[in-house]
Every structure is written in C-alpha cells, then in structure tokens.
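These protein sequence lines map, in sequence, to chains A and B. So for the first sequence, the numbering used here puts the first residue at 1; every next one is plus one. So for the second sequence, the numbering used here puts the first residue at 515; every next one is plus one.
A couple of the hints might just be wrong.
Partial chain B-side listing against chain A, Cβ under 7 angstroms, derived [as the list claims (entries may be wrong)]:
#1 F535
#2 E554
#3 Y558
#4 T562
#5 P563
#6 E567
#7 K571
#8 T578
#9 H605
#10 K620
Here are some chain A residues the structure puts well away from chain B; computed CB gaps all over 12 angstroms [claimed, not checked]:
#11 E31
#12 R84
#13 I269
Cut-off 20 angstroms, straight-line C-alpha distance, at most; resulting in silico cross-link-like pairs (PhoX-like, lysine-lysine) [unchecked claim]:
#14 A/K489 x A/K188
#15 A/K264 x A/K101
#16 A/K489 x A/K345
#17 B/K633 x B/K593
#18 B/K538 x A/K101
#19 A/K489 x A/K500
#20 A/K183 x A/K345
#21 A/K345 x B/K593
#22 A/K101 x B/K620
#23 A/K264 x B/K571
#24 A/K345 x A/K500
#25 A/K94 x A/K268
Hints in this document: simulated from the structure, not taken from any laboratory. From the three backbone atoms N, C-alpha and C, an ideal C-beta is built for every residue, glycine too.
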Amino acid sequence: MRLFLTAFFATVLWAPVSWAQDAAGAVGLDERINQTISPVTNAIAGIVFYSVPITDDVGLPVIVVWLVVAAAFATFYFNFISVRAFRHAVDLVKGDYSNPKDAGEVSHFQALATALSGTVGLGNIAGVAIAVSIGGPGATFWMILAGFLGMSLKFAECTLGVKYRNEYEDGTVSGGPMYYLSKGLAEKGMGGLGKFLAVFFAICCIAGSLGGGNMFQANQSFQQFVNVTGGEASFMADKGWLFGLIVAALVGVVIIGGIQSIAKVTEKIVPFMAIIYVTAALVIIVMNYDLVPAAFGAIIGGAFSPEGVAGGFVGALIQGFRRAAFSNEAGIGSASIAHSAVRTKEPITEGLVALHEPFIDTIVICTMTALVIVITGVYTAGSGMGGVELTSLAFESAFSWFPYVLALAVILFAFSTMLSWSYYGAKCWTYLFGESRSMDLLFKLIFCIFVVIGASMNLGPVVDFSDSAIFAMSIANIIGLYILFPVVKAELTSYWSRLKSGEIRKYTSSEAAE
Amino acid sequence: MADTLLVGVDGSEGGTRAAKFASKRAKESGARLVVAYVIEWSPYTFNTPQENEQRHKRREEEITRAESEVIQPLVSAMKGEGIDAEGVVRHGHAAEVLSQLAREHKAGQIFIGRLGMSKLKAMLFGSVAGSLVQVSPVPVTVIP
Numbered sequence: 001m002r003l004f005l006t007a008f009f010a011t012v013l014w015a016p017v018s019w020a021q022d023a024a025g026a027v028g029l030d031e032r033i034n035q036t037i038s039p040v041t042n043a044i045a046g047i048v049f050y051s052v053p054i055t056d057d058v059g060l061p062v063i064v065v066w067l068v069v070a071a072a073f074a075t076f077y078f079n080f081i082s083v084r085a086f087r088h089a090v091d092l093v094k095g096d097y098s099n100p101k102d103a104g105e106v107s108h109f110q111a112l113a114t115a116l117s118g119t120v121g122l123g124n125i126a127g128v129a130i131a132v133s134i135g136g137p138g139a140t141f142w143m144i145l146a147g148f149l150g151m152s153l154k155f156a157e158c159t160l161g162v163k164y165r166n167e168y169e170d171g172t173v174s175g176g177p178m179y180y181l182s183k184g185l186a187e188k189g190m191g192g193l194g195k196f197l198a199v200f201f202a203i204c205c206i207a208g209s210l211g212g213g214n215m216f217q218a219n220q221s222f223q224q225f226v227n228v229t230g231g232e233a234s235f236m237a238d239k240g241w242l243f244g245l246i247v248a249a250l251v252g253v254v255i256i257g258g259i260q261s262i263a264k265v266t267e268k269i270v271p272f273m274a275i276i277y278v279t280a281a282l283v284i285i286v287m288n289y290d291l292v293p294a295a296f297g298a299i300i301g302g303a304f305s306p307e308g309v310a311g312g313f314v315g316a317l318i319q320g321f322r323r324a325a326f327s328n329e330a331g332i333g334s335a336s337i338a339h340s341a342v343r344t345k346e347p348i349t350e351g352l353v354a355l356h357e358p359f360i361d362t363i364v365i366c367t368m369t370a371l372v373i374v375i376t377g378v379y380t381a382g383s384g385m386g387g388v389e390l391t392s393l394a395f396e397s398a399f400s401w402f403p404y405v406l407a408l409a410v411i412l413f414a415f416s417t418m419l420s421w422s423y424y425g426a427k428c429w430t431y432l433f434g435e436s437r438s439m440d441l442l443f444k445l446i447f448c449i450f451v452v453i454g455a456s457m458n459l460g461p462v463v464d465f466s467d468s469a470i471f472a473m474s475i476a477n478i479i480g481l482y483i484l485f486p487v488v489k490a491e492l493t494s495y496w497s498r499l500k501s502g503e504i505r506k507y508t509s510s511e512a513a514e
Numbered sequence: 515m516a517d518t519l520l521v522g523v524d525g526s527e528g529g530t531r532a533a534k535f536a537s538k539r540a541k542e543s544g545a546r547l548v549v550a551y552v553i554e555w556s557p558y559t560f561n562t563p564q565e566n567e568q569r570h571k572r573r574e575e576e577i578t579r580a581e582s583e584v585i586q587p588l589v590s591a592m593k594g595e596g597i598d599a600e601g602v603v604r605h606g607h608a609a610e611v612l613s614q615l616a617r618e619h620k621a622g623q624i625f626i627g628r629l630g631m632s633k634l635k636a637m638l639f640g641s642v643a644g645s646l647v648q649v650s651p652v653p654v655t656v657i658p
C-alpha cells in the first residue's frame, strides 16, 4: 500500500513537469489543464444548477430556492431564534455558562473560532465582488437577508451535529451531517433513507472539499498573487501550476506531514488578518462617509429595481443568495463537522453559538466588502473584472499599498480554509471508506493534487464547480434537517424553559466551589 | 478544624522548593496541605479542527501526566511525614485557579515558587507570582 501511494504521489508530482515540457511550444500548461477539466465541471454545474427560466436570459436555479426556503422555514419554525437568542449566545461564547469543571476541554469560543476560520475566507472577499459585479449593488441586500435567514439553519445543523456525534473510546469525537443523517433518521424509523442521505452527503462533501474548499481558494489566491506581482507581466502570470505546486507542498506538509506548527501559526494569524481587513474597510467607509447614504440607496434600490443587471430584480436576488450561501455555508452542513468537537452537555448551546457564524461572516464581513466596492464605484468602472481583482481595485483606490496586504490576507485565508476543508473532506472520506490511516492519507494526497489543478484553471469553470459541489451537499443535508427539525425544537423548548426558570444559570466564582 | 495551606507546583525546581517550604510549615502547625498543579489553558484560543477533535484525549493525558509525575510523588512523600496532604490538577490561568482553589478549600495562605524572570520577560509574558499577589484572596508567600 505504501509503495503504491509513493508511486502514485511521485507520478502526480512529476506529471505537470513533463506536461510543461511538452506544452512549452503551442498551448500553455494552464490552458491545457483548463481545456481538460472544464467540460466535466460544466456538466456537473449544469445538473446542480438546473434553472427554471424566468426571462429569456435569466433562469432561477432550483437549488438556490431550496436553500432559501429551508432557511426561511427554519427562521419561522424556531420563531426568530437568531434574534431571540442573540444575546444569550454572546454569553455562551464568553463562557458565562460553561462549567468550570470542563476547563481544558474545547470551549464554545474555540469551536466557533475554528468553524469561522473555515468559513471566513475568499467567499467574503472574492465572492462578494462576483455578486456585485454581476448582480449590481442590490445583490448586497439579498446577501444580508440570506445571511440573516441562514443563522437559523446553521443553529439547527450545529445542534444536531453535537447531539448525534460519535464519541470514541480514546476520547476523540466525530460529528457532522453524516452522523445525524444516519443516526437521527434511524431514530425516526427511516434508517434506510438516513444511510442513503449520509452517503450522498459524504460524496458531495468530498467534492465540495476539493472544489470550493480547495480549487476556488487556490485559484483566487493565485489571481491575487499575479495581480500584485505585475499582472500580465508577472513572472508567475502563466505559471498557475507552479504556484499550485508550492501551495500543495505547504498544504501537504501540514495535513500529511503532520507539521501542526504551521497550522497553528495560520490559525493564529488569520483572526488578525480578518480584523485588519474589516478595519481597513471601516476606514474607507468613514473616509467616504458622505457617500454612505448613496451607497445604501444603491444597495436597497438595486435590490428591487436594479438597472443594467441581467434579469433585473431576480438577477440581483440570485447573485446575492448564491454568494451568501457560498460564503456562510448555512444549510451546507460543513460547519457542523467543526462545531461538533465542543464539550457541552446541552447540544443546543453549540447551535446557539453557531448563530453568530453567518452573522459575523455575512452580515458583518461580506457587507463591509460590498460597501467598499459600492462606495468606491469600482464595480461600474472595472468592467469585465470579477472576484478578488475587483475587491483589490476597490481597496487600492483608497490605499495604494492595500493590494499587498490583501494578497497576504487572501493567501492566508485561502490556506486556512483549505486546511479546514481538507479536514471536512477527510472526515467524509473516512466515513465512506473506513477510518484507517491509509484512507486518510489517500484523501489528503488527492486534496494536494487538486490544489495544483485549481491554481491552473480559469475562474469561470472553477467557480461553477465549487458552487455546484458545495450546493449539492445541501440536497441531502436539508432533507434530513426537515425531518429532524422537531428534534431540535424539542431540545430548544426544554433548554429555554430551564433557562427561564433559572435551572440553567451563569456560573459565578463562588458557585464553582461546589 | 485545622488550618489549610495551599501550594502551587509545576514540576519545576521553584515549585519543589515551594512544596518543601509549605510542608515544613504544615508539619509545624498540623495544617492540612493542598498541592495544586495548574495546566496553563485558555478558553479563548484559536485551534485547528484536528486539535479540537483530540482535545478531550489530550486533556486526560495532561492530567494523568501531572498527577503521576508531579503530584503523586509529592503527596505521598508528605503523607509519609504525617501531613494531611491532598493533590489537585486543574486547567486554566495559574493565578486565577490558585485564588479559586484557596476559596474552595478555605485555605489561609498560598505558597508558590518563582521563575526568577527578568523585568522585561515578566512584562512580556506576565508572571504568575506577580498576578497572583494582585488577585489572591489570602496572603501569598513567594519562595525564592
């Protein structure tokens, strides 16, 4: 087995180099990788994004409706839990309700921070730019609305993730949709369906991990790298595969080589990059305070009657919803895997903490990006530009040096998102193929190969594949959520009444003595 | 009821000196002695998913190691001398946990060792002795 893997890895590493030599003449290597992979990704995207035509040139993807309806249903079914429990969730994150006896275990804060580092990433920087460049400023409004609705959905899936996780003899835990789909539905007498959905979810999650969690990240960080090193003239301009190999090597060192110190450093730098990013955005907004009302006007006006957007109102709405879902991953099920590691007796508390994830990710960070793009007006000037280049241009118009900071932020965000998704993917892979070290290793090798492919391709096919793989996860996840919503409701009702009656109280220092 | 004394140890030489000093005092006065090992930990750190998954297991390992390598030898030696000694291992910030333990066990005094850090180092990394003196509910004796 080991020999096989070594040979496999060697082949994969050397193949691009030999192609590069062949391809030096006519077509660039990046172009060849692109031509080979695009038909496949286009076919997959075509199935997942089956659209109902609304007008001649715009269709409404069924999958977007699927997500938004589920998020809206959860919001009403749990009676606006995202508003009701917002304050209580803050107290939970602060640790006011954590038993001091559990000191040393994974805290609510740590589970939230880990899940956030998987979601806060390029979706917030590049995804928003894509939404605004295609859907106009109005897409921002729909993005915020989708973020708000997504909070309730995230609450449900993270509660279930903790409730139905596996706790092993050695003290490690595994949770996520594959476990609540199989175990939760079995409790409801639908074991067969549960098993099927769990397997379907796991397959999609592996694809999502390779797509949105990997190729999209590699692609966008390469774009920004080329951007700051001189654009077309950059020495790296047509060497996406080389950039991919370097990133793949770094990812490989961490996830295969087990060099956790790199991961630890990344996890510590990323929150600061997020703070720098948001601060820079706030500074630009404050500097242009006179333009803010107009920007909000454009966002709200554009939401209902956009000008020059393909498909008008529906076009803006689709872009907003689509990017929000891609950014905060509510209904997708991925974050549930990360949240499941928390130590708590009440699964509902982790669900409540998870409410903050779409809030921070979409309502705060995505809105900042959107405001900067709208205020600086680059979305009209930079025609033909999408993704991270547009965001970079918007920040550059205020601070000429910011693209360099952004390049660093993008690469670090991308790196931490890749690490998180490699974990999600590996969890699903081992769920399907058995929890053995060799299976884990095999997946991680495949993961590294996709870094190279992602960096070499054009943006279009990469976005389509990333979106379709990630959205496909929601098909199985949300079917299961509808069936399990009553379980979450029962947990919530019980917890909420004990909280109101004072049975569940904050721990004060004197009480901890008991 | 006899007095209770609390001593913080961490496997270092300073901690051992503090334990010796405290057991001498306990023997003289016939006080009960609580020997505490605090494993430095904060709920507000950023971890990788792998670390979170393994956390419960690691915590158990950390506690077992602290007990078997530091607490047990000290406590059994103290018991051998006829002292009513008890060991405890906790996670958290050393100064906060020691203050907390002093309240829990109604200890009359806390003994700790010190690292002998330079001023600069103490300013950068914070010293347990320095912060414990500020937050402790009872007198603190720092053993050089």
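Per-residue hint verdict: B/E567, partner chain A, C-beta under 7 angstroms | 5 angstroms, holds
Taken at face value, is the distance from the CA of A/K101 to the CA of B/K538 at most 20 angstroms?
-> 31 angstroms, violated
Residue hint B/Y558, partner chain A, criterion CB-CB below 7 angstroms = Holds, about 5 angstroms.
Using 7 angstroms as the Cβ threshold, decide whether B/K571 counts as touching chain A.
-> 4 angstroms, holds
Is A/K345 within 20 angstroms of A/K500, Cα to Cα?
-> 18 angstroms, holds
May I ask you to test the interface hint for B/T578 with respect to chain A, counting a Cβ-Cβ separation under 7 angstroms as satisfied?
-> 12 angstroms, violated
Are B/P563 and chain A close enough, Cβ to Cβ, to be under 7 angstroms, as the hint says?
-> 4 angstroms, holds
Given hint A/K345 paired with A/K489 - CA-CA distance at most 20 angstroms = Since the Cα atoms of A/K489 and A/K345 sit roughly 17 angstroms apart, the hinted pair holds (cutoff 20 angstroms).
Given the hinted pair A/K183 and A/K345, is their alpha-carbon gap at most 20 angstroms?
-> Distance ~19 angstroms between A/K183 and A/K345 Cα, so the pair holds.
Is it true that the CA of A/K489 sits at most 20 angstroms from the CA of A/K188?
-> Roughly 15 angstroms separates the two Cα atoms, so the pair holds.
Residue hint B/H605, partner chain A, criterion CB-CB below 7 angstroms = 3 angstroms, holds
Holds or violated: A/K94 with A/K268, Cα cutoff 20 angstroms?
-> OK: A/K94 and A/K268 at ~19 angstroms, within 20 angstroms.
When held up to the earlier numbered hints, the structure conflicts with 1, 2, 8, 10, 13, 15, 17, 18 and 21 and fits the remainder.
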